[in-house]
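Per the numbering used here, the very first residue in the sequence shown carries number 1; after that it's consecutive.
Treat the hints as calculated values from the structure; they're not laboratory data.
Glycine residues also receive a C-beta, built at the ideal position from the N, C-alpha and C atoms.
Check each hint, because a few of them may be wrong.
List time: in silico SDA-like cross-link candidates among lysine to any residue, alpha-carbon distance up to 20 Å [what the hints assert, rightly or not]:
(1) Lys454 with Gly477
(2) Lys78 with Glu32
(3) Lys329 with Glu487
(4) Lys177 with Glu147
(5) Lys346 with Tyr370
(6) Lys6 with Phe61
(7) Lys564 with Ala451
(8) Lys129 with Thr198
(9) Lys81 with Leu18
(10) Lys447 with Gly396
(11) Lys346 with Asp429
(12) Lys50 with Phe61
(13) Lys329 with Val462
(14) Lys504 with Glu315
(15) Lys507 with Ile458
FRET-style restraints, in silico, Cβ to Cβ [said to hold, decoys possible]:
(16) Glu499 with Arg364: 31 to 37 Å
(17) Gly191 with Ala451: 53 to 59 Å
(18) Gly191 with Lys53: 56 to 62 Å
(19) Asn2 with Gly138: 39 to 45 Å
(20) Asp492 with Gly579: 46 to 52 Å
(21) Thr368 with Thr397: 33 to 39 Å
(22) Ser345 with Ala451: 41 to 47 Å
(23) Ser524 with Glu203: 30 to 36 Å
(24) Val252 with Lys58: 28 to 34 Å
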Amino acid sequence: MNKKQKKMLTRIIIAFVLIAVLSVLPVDGYLEFALYMIPYLVIGYDILIKAFKGIRNKQVFDENFLMAVATIGAILLKDYKEGTAVMLFYQIGELFQSYAVGKSRRNITELMDIRPDYANIENDGKLEKVDPDEVEIGSIIVVQPGEKVPLDGVIVEGTTTLNTSALTGESLPRSAKPGDEIISGCINMTGVLKIRTTKEFDESTVSKILELIEESSSRKSRSENFISKFARYYTPAVCYGALALAVLPPIVNLVILHNPAMWSQWIYRALTFLVISCPCALVISIPLSFFAGIGGASNAGVLVKGSNYLETLSETKYVVFDKTGTLTKGVFEVAGVHHNTMEQSKILEYAALAESFSSHPISRSLKTAYGKEINQNRVTDVEEISGNGVTAKVDGTPVAVGNVKLMKRIGVEAVECHQVGTVIHVAIDGAYAGHILISDVPKPTSKDAIANLKKNGIKETVMLTGDIDRVAQQVAGELGVDRVYSELLPADKVSKVEELLAKKSEKEKLAFVGDGINDAPVLSRADIGIAMGAMGSDAAIEAADVVLMDDDPMKIVKAIRIAKKCMRIVYENIYFAIGIKVICLILGAVGIANMWVAIFADVGVMVLAVLNAIRTLFVKRL
1 MNKKQKKMLT
11 RIIIAFVLIA
21 VLSVLPVDGY
31 LEFALYMIPY
41 LVIGYDILIK
51 AFKGIRNKQV
61 FDENFLMAVA
71 TIGAILLKDY
81 KEGTAVMLFY
91 QIGELFQSYA
101 VGKSRRNITE
111 LMDIRPDYAN
121 IENDGKLEKV
131 DPDEVEIGSI
141 IVVQPGEKVP
151 LDGVIVEGTT
161 TLNTSALTGE
171 SLPRSAKPGD
181 EIISGCINMT
191 GVLKIRTTKE
201 FDESTVSKIL
211 ELIEESSSRK
221 SRSENFISKF
231 ARYYTPAVCY
241 GALALAVLPP
251 IVNLVILHNP
261 AMWSQWIYRA
271 LTFLVISCPC
281 ALVISIPLSF
291 FAGIGGASNA
301 GVLVKGSNYL
311 ETLSETKYVV
321 FDKTGTLTKG
331 VFEVAGVHHN
341 TMEQSKILEY
351 AALAESFSSH
361 PISRSLKTAY
371 GKEINQNRVT
381 DVEEISGNGV
391 TAKVDGTPVA
401 VGNVKLMKRI
411 GVEAVECHQV
421 GTVIHVAIDG
431 AYAGHILISD
441 VPKPTSKDAI
451 ANLKKNGIKE
461 TVMLTGDIDR
471 VAQQVAGELG
481 VDRVYSELLP
491 ADKVSKVEEL
501 LAKKSEKEKL
511 AFVGDGINDA
521 PVLSRADIGI
531 AMGAMGSDAA
541 IEAADVVLMD
551 DDPMKIVKAI
561 RIAKKCMRIV
571 YENIYFAIGI
581 KVICLILGAV
591 GIANMWVAIF
601 ADVGVMVLAV
611 LNAIRTLFVK
621 RL
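Using the sequences and the hints, build the whole thing.
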């Protein structure tokens with residue numbers, strides 16, 4: 001408990017003891033009133049002050065006003081004990097709510113406790129702790145065992161294992177060695193590392209993640225907006241309803257029916273009506289459900305940019321995948337060189353040099369297969385043709401490396417490959433030189449992820465790829481993908497997603513899953529964009545609505561399950577809170593429900609709704 005909560009607990013205990021003592025004392029009249037005012041003011045002075053300030057600021061209708069009117073009214077009807085007890089139990093509920101919300105926020109803060117406190121800079125053989133904000137790009141920092149990596153960079157010295165659980169939700173450590181990229185927020189578990197920083201702290205992965213989590217609360221879901229509007233109109237309506245309940249029946253009794261007015265009875269019912277009507281359970285539990293849902297997702301390595309995206313994700317019925325790097329490892333290996341008119345090593349040399357300026361996985365595989373140091377000074381006139389390949393001059397000789405479309409573009413007849421894989425055709429000096437077969441393998445969990453998506457209500461899975469149809473069909477068949485579109489340019493992927501969006505119903509949502517670097521236009525066009533394996537990728541964090549912090553396809557299933565659980569709890573709280581209140585309001589209006597029932601309808605329902613909301617924090621592992 002914090003200091004404020006401890007103070008409230010003390011007030012509750014004092015008020016409770018005083019009420020218990022006064023209940024057995026034989027006092028009545030003005031003395032009873034004066035004595036009951038002591039516990040009433042001890043427990044309720046802050047509510048009265050807030051209600052007065054609300055009236056003064058012309059913001060009358062809130063829970064403080066409802067409680068003030070209800071309890072003062074009960075006291076004026078000489079129900080001193082009941083009026084004071086109502087205020088006491090209301091404050092008990094408020095304390096519980098404050099503690100529960102505070103605890104859930106602390107849980108989320110602990111789960112995402114990745115902000116580094118300092119960075120070690122080596123000075124004259126001694127380590128000096130500095131603020132991460134002060135470290136410039138290109139600086140060498142030292143990270144010792146047990147410390148958080150404060151900034152993104154590249155390991156220049158040392159080997160270690162890294163704990164990335166705060167980022168990815170996975171408990172298995174990852175090994176790291178010199179030359180590996182390393183991101184902030186990981187915990188160095190074993191060896192001493194020297195890291196050359198590649199980003200300033202404000203641009204580092206840890207800053208981006210924390211910024212996303214902090215901003216997520218500003219993006220409201222339809223349910224949250226509904227509750228806000230509901231409370232704005234509901235509270236004044238019930239206040240006027242209570243006034244009508246207090247005034248109209250006595251007048252009807254007196255003037256029309258010529259019976260006793262029974263003012264005190266109807267005023268008591270109106271006050272009970274006010275206590276019951278307090279919308280705390282909805283106003284508190286619904287935002288808390290979304291907040292806990294986003295926190296629980298963060299703990300699982302799924303960053304959701306706002307509760308509106310959590311709501312959209314729960315309605316997803318179609319999932320469209322990019323292939324390379326999403327369903328497959330994206331780690332291409334040269335499987336062979338076929339139909340070559342020169343030595344294999346020479347073709348690989350030309351291809352690797354022509355592709356040497358590209359960072360595409362296929363380009364990296366060609367450079368790896370070549371296996372020698374690449375002198376980029378030998379390469380000129382490089383032109384990358386989107387969806388086709390690359391043309392360049394190597395030692396002054398024209399070289400074209402790409403797919404069949406590129407060969408047609410330059411007027412060279414390509415030889416078809418009969419093996420399954422990605423085929424890279426090579427033309428040298430305007431003549432066909434052969435083709436290089438490159439293979440990519442599915443990720444170990446891709447097949448299970450597709451199967452689990454269908455179990456979790458996904459109607460159809462679709463794969464989009466620039467690969468030739470034969471390769472695409474083989475991968476789709478192996479993984480169980482329902483539909484596949486192949487040989488697509490980047491612009492074609494956007495068109496296909498738009499076609500799919502036009503075919504589905506408005507209530508059904510379509511998610512696109514990509515690597516977040518080459519798929520930014522499609523991520524933006526889908527109902528919800530999911531960037532996978534995006535640790536440290538600025539493009540992914542900017543373009544996507546949901547960011548998966550590692551490259552495991554099962555995280556997509558987890559993200560959808562979290563979203564569905566969150567929305568289920570939100571609707572449970574809405575139906576439960578409104579249902580109980582409607583029943584109790586009717587019972588209160590006809591005189592069956594008293595103040596104690598009203599307290600349950602307000603405090604009890606709020607406590608149950610908050611407890612239910614906190615369940616969103618916890619998601620079972622797949």
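Outcome of the hint check:
1. Lys454 with Gly477: With a Cα-Cα distance of about 15 Å, the restraint between Lys454 and Gly477 holds, given a limit of 20 Å.
2. Lys78 with Glu32: Roughly 9 Å between the alpha carbons, so the hint for Lys78 and Glu32 holds.
3. Lys329 with Glu487: 19 Å, holds
4. Lys177 with Glu147: 17 Å, holds
5. Lys346 with Tyr370: 9 Å, holds
6. Lys6 with Phe61: 28 Å, violated
7. Lys564 with Ala451: 17 Å, holds
8. Lys129 with Thr198: 19 Å, holds
9. Lys81 with Leu18: 11 Å, holds
10. Lys447 with Gly396: 47 Å, violated
11. Lys346 with Asp429: Given that 20 Å is the threshold and the Cα spacing comes to 14 Å, the pair holds.
12. Lys50 with Phe61: Measuring from Cα to Cα gives roughly 11 Å; hence the hint holds.
13. Lys329 with Val462: 18 Å, holds
14. Lys504 with Glu315: Answer holds: Lys504 to Glu315 is near 12 Å, not above 20 Å.
15. Lys507 with Ile458: Distance ~13 Å between Lys507 and Ile458 Cα, so the pair holds.
16. Glu499 with Arg364: 31 to 37 Å: 32 Å, holds
17. Gly191 with Ala451: 53 to 59 Å: For Gly191 and Ala451 the Cβ distance comes to about 39 Å; the hint is violated.
18. Gly191 with Lys53: 56 to 62 Å: At 59 Å between Cβs, range holds.
19. Asn2 with Gly138: 39 to 45 Å: 43 Å, holds
20. Asp492 with Gly579: 46 to 52 Å: Once the Cβ atoms are compared, 50 Å apart, the range 46 to 52 Å for Gly579 and Asp492 holds.
21. Thr368 with Thr397: 33 to 39 Å: Since the Cβ atoms of Thr368 and Thr397 sit about 23 Å apart, the hinted range of 33 to 39 Å is violated.
22. Ser345 with Ala451: 41 to 47 Å: With Cβ atoms ~43 Å apart, the hint holds.
23. Ser524 with Glu203: 30 to 36 Å: 21 Å, violated
24. Val252 with Lys58: 28 to 34 Å: 32 Å, holds
Violation of the numbered hints given earlier is confined to hints 6, 10, 17, 21 and 23; the remaining hints are satisfied by the structure.
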